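**Student:** Residue numbers (the numbering used here), protein chains in the order written: chain A, 1 to 701; chain B, 1 to 125.
Careful: at least some of the hints might be erroneous.
[Said to hold, decoys possible] Distance windows between CB atoms, simulated:
id, chain 1, residue 1, chain 2, residue 2, range
1, B, R75, A, N8, 34 to 44 angstroms
2, A, D522, B, R75, 37 to 47 angstroms
3, A, E36, B, R95, 14 to 24 angstroms
[Said to hold, decoys possible] The calculated EDC-like cross-link candidates involving lysine to aspartate or glutamate, where the alpha carbons are at most 20 angstroms apart (straight line), are:
id, chain 1, residue 1, chain 2, residue 2
4, B, K93, A, E236
5, B, K92, A, E240
6, B, K113, A, E236
7, B, K113, A, E197
8, A, K455, A, E364
[Said to hold, decoys possible] The following residues of chain B were derived to be distant from chain A, with all beta-carbon distances above 12 angstroms:
id, residue
9, R6
10, E30
11, E32
12, Q38
Hints listed in this document are in silico derivations from the structure and should not be mistaken for laboratory results. Computed from a predicted model, the values in this text were never measured in an experiment. Every residue, glycine too, gets a C-beta built ideally from N, C-alpha and C.
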Amino acid sequence: MNSEDIQNIFFVECEESLEAAEAGLEACRNGTHDGETINAIFRAVHSIKGGAGAFGYGPLQAFTHVFETLLADVREGTVAITDDLTGLLLLSLDCVRDHVEAARFGGTAPDDAALMAQLNEAHEKAGTADAPDSSAGGEAAPAAVPADDDLDAMLDDLLGPATPAAPKEPWLFHMRPHGGSMNNGSEPLYWLRELQEMGGECVACDSANVPPLDDFDVQHGYLGWSFAMPASVSREQVSEIFDFVGDDCALAFGAEEGIPPMHPDAVEQAATASVETAAGPVPAQGDDAGKEAKDARPDAAQAASRSPKPQSIRVDLAKLDKMNDGVGELVIAQAMLAQRLADENLMHIEELAVLDALVRDVQEHAMAFRAQPISAVFSRVPRLLRELASSTGKHVNLEVTGETTELDKTVVDRLSEPLTHLIRNAVDHGIESTERRKAAGKDPEGTLTLSAEQKSGRVVIRIADDGAGIDRERVFAKAVANGLISPDADLPDEEIDHLIFAPGFSTAEQVSNISGRGVGMDVVRQNVKELGGRITIESCPGKGTTFVLALPLTLAISDGMVVQVGGQSLVLPLAHVVESLRPLASDLKGMGTSRQLINIRGNFVPIVRLDHLAGEELAIDDPCKGVLVIVDTERCGQAALLVDSITDQRQFVIKNLDTHFRAVESVAGATILGNGRVALIIDVDNLVQSENAHPTLQAAA
Amino acid sequence: MKQATRILTVDDSPSMRALLRNALTTNGFEVEQAEDGQEALDWLASNEVDVVLTDINMPRLDGFGLIERLRSSARHSNRPILVLSTESSDEKKRRARDAGATGWIVKPFDAEKLTNAVRRVTHSA
Numbered sequence: 001m002n003s004e005d006i007q008n009i010f011f012v013e014c015e016e017s018l019e020a021a022e023a024g025l026e027a028c029r030n031g032t033h034d035g036e037t038i039n040a041i042f043r044a045v046h047s048i049k050g051g052a053g054a055f056g057y058g059p060l061q062a063f064t065h066v067f068e069t070l071l072a073d074v075r076e077g078t079v080a081i082t083d084d085l086t087g088l089l090l091l092s093l094d095c096v097r098d099h100v101e102a103a104r105f106g107g108t109a110p111d112d113a114a115l116m117a118q119l120n121e122a123h124e125k126a127g128t129a130d131a132p133d134s135s136a137g138g139e140a141a142p143a144a145v146p147a148d149d150d151l152d153a154m155l156d157d158l159l160g161p162a163t164p165a166a167p168k169e170p171w172l173f174h175m176r177p178h179g180g181s182m183n184n185g186s187e188p189l190y191w192l193r194e195l196q197e198m199g200g201e202c203v204a205c206d207s208a209n210v211p212p213l214d215d216f217d218v219q220h221g222y223l224g225w226s227f228a229m230p231a232s233v234s235r236e237q238v239s240e241i242f243d244f245v246g247d248d249c250a251l252a253f254g255a256e257e258g259i260p261p262m263h264p265d266a267v268e269q270a271a272t273a274s275v276e277t278a279a280g281p282v283p284a285q286g287d288d289a290g291k292e293a294k295d296a297r298p299d300a301a302q303a304a305s306r307s308p309k310p311q312s313i314r315v316d317l318a319k320l321d322k323m324n325d326g327v328g329e330l331v332i333a334q335a336m337l338a339q340r341l342a343d344e345n346l347m348h349i350e351e352l353a354v355l356d357a358l359v360r361d362v363q364e365h366a367m368a369f370r371a372q373p374i375s376a377v378f379s380r381v382p383r384l385l386r387e388l389a390s391s392t393g394k395h396v397n398l399e400v401t402g403e404t405t406e407l408d409k410t411v412v413d414r415l416s417e418p419l420t421h422l423i424r425n426a427v428d429h430g431i432e433s434t435e436r437r438k439a440a441g442k443d444p445e446g447t448l449t450l451s452a453e454q455k456s457g458r459v460v461i462r463i464a465d466d467g468a469g470i471d472r473e474r475v476f477a478k479a480v481a482n483g484l485i486s487p488d489a490d491l492p493d494e495e496i497d498h499l500i501f502a503p504g505f506s507t508a509e510q511v512s513n514i515s516g517r518g519v520g521m522d523v524v525r526q527n528v529k530e531l532g533g534r535i536t537i538e539s540c541p542g543k544g545t546t547f548v549l550a551l552p553l554t555l556a557i558s559d560g561m562v563v564q565v566g567g568q569s570l571v572l573p574l575a576h577v578v579e580s581l582r583p584l585a586s587d588l589k590g591m592g593t594s595r596q597l598i599n600i601r602g603n604f605v606p607i608v609r610l611d612h613l614a615g616e617e618l619a620i621d622d623p624c625k626g627v628l629v630i631v632d633t634e635r636c637g638q639a640a641l642l643v644d645s646i647t648d649q650r651q652f653v654i655k656n657l658d659t660h661f662r663a664v665e666s667v668a669g670a671t672i673l674g675n676g677r678v679a680l681i682i683d684v685d686n687l688v689q690s691e692n693a694h695p696t697l698q699a700a701a
Numbered sequence: 001m002k003q004a005t006r007i008l009t010v011d012d013s014p015s016m017r018a019l020l021r022n023a024l025t026t027n028g029f030e031v032e033q034a035e036d037g038q039e040a041l042d043w044l045a046s047n048e049v050d051v052v053l054t055d056i057n058m059p060r061l062d063g064f065g066l067i068e069r070l071r072s073s074a075r076h077s078n079r080p081i082l083v084l085s086t087e088s089s090d091e092k093k094r095r096a097r098d099a100g101a102t103g104w105i106v107k108p109f110d111a112e113k114l115t116n117a118v119r120r121v122t123h124s125a
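So here's chain A without its partners, still in its complex pose (with noise of 0.2 angstroms):
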């Protein structure tokens, strides 16, 4: 991009300013008069001298800048907004345009003495007779502003004199950094350097002040330097460096001066620590903290003035636990008034739905409370990456996407476990050596793709490799030696592929270091079930495996559904209900005397009767008349529940049994109705494995 380029991007930029301009000064005179109009028109004049300045339009920037500085005084209230006073503006800006033509086409710029005077009176009328910004310098008054485009005049203009007095010979320079100096970025030694290069050089350095190392306080300047100057180099180059640095570098020139003294608050402070440490080892109470409170108060107003408004609060976890069981009961209590409510026939009252929706609110912001972003777990993977690749010689690209995704805090601790083991059997068993990647044509080193959303309520979180993908033939003979199925079963891919969750599954032929750990993938499944999640595989040979895991935001609440056995009400996870049905007699076969088996679709499915959890009798004796409720196990396959009737499907806040009362097998916990009974909440998983082992006894029972 030449410099005509970005001359073309500036006059486009100054027809746009002015267009912003005029629609502001526009607005103005039918009186709207808000700061953001005002400011918008200012930044529109302020940008096109700006930019005048920088392609040396001079008298551009000459008549903007008075322009500007009018702006300046009615974006800060000094001038009243006028018609008056508008309509001069609009002619001002007028006259802006066609300096503007007259620059990008090379005409002769307006005569805009008459405007500059009056806009000058407008401003001196103001009261504010100094210009805002003293980069005018003498540009305030037209006449000083140079008439050509010289670029290097105009900035000759603006920083003063092109060479300044400069002493005839070496001088002397001494400096000391206070504290503050090494506040926001800031470094001495930069400046020490810049010093050097000048042709500086340094002569004295007062390292007088320096205290033993237990004294020594990050946060002071110890040191000052002295440097003779060349007589090439002015007071004000050197100046110019430490321009903005304001108070916190004290400086002084010439050989009458010395290094300027410490900053105060330091030097007392070294005083009082040579003081403490003649003083011994116990320093006097009193003393110290009087120091401190000394030490602190630049500090504080130093942290008063820059430093960060607080944007969090910590609290103790134990104390938002608390707050979120309050919720909870509020969503049970909620859920009790409008069942009442609806016994009245007030069901549609508004105030129900009024505190129906600040109930929701308030439980997901509560929910939001736990929530903290996965991204705690995925930081750790780069790491255990670098572990895998020195132990297993497998240098593994890692892409991670949805970092921010949030999920409860407790999912969060519980996932690094399950993921851990993902990862490490990707990279051992998904992903190949680097020989066979080549062989096969793939880049030698593998890549893992972590990614993290939410989606429909759950969150979603992906493990993918894009290894060799899941040897099918070799899972499926090991799973006949292991008597897992039978070598003539007809298995889907995808079956296939889940097998491996199997216990005690394992397909690697050496079971290495890694992920040969006597924890399988069972593990793994078991995991992410105990935390209401699925795993599932997607996996592709020859180009990778994925491992899906979908994961609920929050353990405090779950989906149930609210059955009847007997006069009791017991709550089924949902997580765990895979369909329901009425059976037909047809459909039931006895096997021994006790057990009862329902034939779904060509699988026998064990019928459990739920009496004796519910410690009454089903209502109904033949199944055909109840409900079967098929659910889905982790080590016993199907079930069928059988139970006397459907009768909700809600939310529910677990309550745990063991704190409240003591913990109950086949119990997972219990909830309260919106009756304001309270149910129990089946463990399915326990209670299948359980009712299998012993279903003679339990009959019996």
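Using the hints, position chain B against chain A.
**Tutor:** Below, chain B without anything else, positioned relative to chain A:
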């Protein structure tokens, strides 16, 4: 060879951005650009630079605001931030210093002036 110093310029004027890019790249700096404070803040949330060079008067989030927001995060508390402005009043400079600016460059600028100012706050060639 050391990696080039990476500078984020923040300015709402397209011509100023073009000038800055031109002046800085020809001096061996790597240049990233944002159109206002908010965009700069968003960009910095996921990117790193050695120096931030910002205009003051900008829509959405102005230079003072940008500096204050950056200084309030630990990641940027020591980042050199230079102000590039047509103004040079002590009052404005003091405000910038209070906000946490590291240096101040008066517009108009030339390449040498920019380079000097950047060198004053970074290890750069």
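**Student:** Regarding the pair B/K113 and A/E197, is the alpha-carbon distance no greater than 20 angstroms?
**Tutor:** 15 angstroms, holds
**Student:** Decide if the proposed pair is consistent with the structure: B/K113 and A/E236, CA atoms, cutoff 20 angstroms inclusive.
**Tutor:** Given pair B/K113, A/E236 holds - Cα atoms ~15 angstroms apart, limit 20 angstroms.
**Student:** Do the alpha carbons of A/K455 and A/E364 lie within 20 angstroms of each other, as the hint requires?
**Tutor:** Within the cut-off at roughly 16 angstroms; holds.
**Student:** According to the definition I'm using, a residue is off the interface if its beta carbon is farther than 12 angstroms from all beta carbons of the partner; does B/R6 meet that for chain A?
**Tutor:** The claim holds: B/R6 sits with its nearest Cβ about 15 angstroms from chain A, beyond 12 angstroms.
**Student:** For B/Q38, is the shortest CB-to-CB distance to chain A above 12 angstroms, so the non-interface label stands?
**Tutor:** Its Cβ never comes within 12 angstroms of chain A, the nearest being 15 angstroms, so this holds.
**Student:** Confirm or reject the claim that A/D522 and B/R75 have a C-beta distance inside 37 to 47 angstroms.
**Tutor:** 42 angstroms, holds
**Student:** Classify the label on B/E30 as holds or violated, using whether its beta-carbon is more than 12 angstroms from each beta-carbon of chain A.
**Tutor:** Label holds. Min Cβ-Cβ 16 angstroms, cutoff 12 angstroms.
**Student:** Taking the CB of A/E36 and the CB of B/R95, does the distance hold inside 14 to 24 angstroms?
**Tutor:** 20 angstroms, holds
**Student:** Holds or violated: B/K92 and A/E240, Cα atoms, limit 20 angstroms.
**Tutor:** Given pair B/K92, A/E240 holds - Cα atoms ~17 angstroms apart, limit 20 angstroms.
**Student:** Confirm or reject the claim that B/R75 and A/N8 have a C-beta distance inside 34 to 44 angstroms.
**Tutor:** Distance hint for B/R75, A/N8 holds at roughly 38 angstroms.
**Student:** Is the Cβ of B/E32 farther than 12 angstroms from every Cβ of chain A?
**Tutor:** Per Cβ check, B/E32 is outside 12 angstroms of chain A; nearest 16 angstroms; holds.
**Student:** Run the distance test for B/K93 versus A/E236: straight-line Cα separation, threshold 20 angstroms.
**Tutor:** 18 angstroms, holds
Comparing the model with each earlier hint shows no violations; every hint is respected.
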